[in-house]
Amino acid sequence: MSALQNRVGFVTGASRGIGRASAQALAEEGVRVAIGYREDKEGAAAASALCPCSIMVRIDVTSPESVASAFDEIEKALGPVEVLVNNAGLRRDGLLMRLKEKDWDDVIATNLTGAFRCTKRALPGMLRGRWGRIISIGSVAGSVGNPGQANYAAAKAGLVGFTKSVAREVAGHGVTANVVVPGLVDTAMTLNLPAAQREKLVERIPMARTGTPEEVAEAVRFCARASYMTGNAVTVDGGIA
Amino acid sequence: MGSADSNKEILEALREVLVDRLKVEAEAVTPQANLFDDLGLDSIDLMSAVMAIEERFEIEVSDAELENVTTVGEAVEILGAKVAASA
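Chains as they are written, first to last, in our numbering: chain S, 19 to 259; chain L, 13 to 99.
In short, the hints are calculated from the structure, not lab data.
All of these numbers come straight from a predicted model, not from anything done at the bench.
Beta carbons: idealized from backbone N, C-alpha and C, even for Gly.
Take the hints with a grain of salt, since some may be wrong.
[Unchecked claim] 27 angstroms max Cα-Cα, derived DSSO-like pairs, lysine-lysine:
1. L:Lys20 <-> S:Lys138
2. L:Lys35 <-> S:Lys94
3. L:Lys35 <-> L:Lys94
4. S:Lys59 <-> S:Lys138
5. L:Lys35 <-> S:Lys138
[Stated by the list, open to error] Far from chain S, some chain L residues (derived; all Cβ distances over 12 angstroms):
6. Ala16
7. Arg27
8. Ala38
9. Asp57
10. Ser60
11. Phe69
12. Asn80
13. Ala99
[To be verified] Under 8 angstroms between C-beta atoms, here's a sample of chain S residues computed to sit facing chain L:
14. Leu145
15. Arg146
16. Val162
17. Gly166
18. Glu187
19. His191
20. Gly192
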């Protein structure tokens, strides 16, 4: 039996891409997963259908009220969240000189502040149970940078510092915090990159191909199972970084 | 509710939280006990215990107020004053 059997998981942004694949990987380990979605209810339903014992929960990580009610809902239906996957994210690319304040703010609010909010809400329950896994989805853009993604890279690099600090705060209490750092992965979020930019990015990948959400989800599964790894950034990028 | 009564109630609640959640021996939880040296807690343990008491008594204590707390009795004093004020 998996060490994760019957644990309660919550994946934000789980209606598609890396979030959906992560939810599925956790479900395969016996985790009862809450599928977090903001707008794509249909995608969330499809993800939920792949995960036995899952529920669907609407959450907008930029809203403190929405985060509170989502966690309340999960606690009522499944129990306190023990495996949190901070995956909800978005991109608003633009060269820095022309980057709008709003594009900066929106990206930080979802990718970084959203993770702070969910982690903060989940921690007391994890500490109470003396067991927890916090897994945030970063990006290789946060470690090597990417033109046009100053906001996204800043937020994703921020997740690493955030995670390392939280990891130290709770290390003696059975709770680990790690970041999974994907490179270029085939998801709806990257498929809309301009073809030329995409080609250039692929040229930089030693493995000469993009990754799949499932390949990233393997690292999420590993972080959920691993008991002696914390404050770590696990890179899954075909060799870029 | 007088402050003495609420302090007694808080001590009981704190003892319960420390025993149930943090596996501290019940008889070790005395007002004189040092939370860190005697009971082996760290700041995260103290925070979790305080949050449990906050929830139970519907009070709110700031981090600054807890900064200099080292004994069970000091924690009870601060929490008890909050409960008395909110009653």
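Subject >> In rising order, the numbers of the hints this structure does not comply with >> reply: 1, 9, 10, 16, 17, 20
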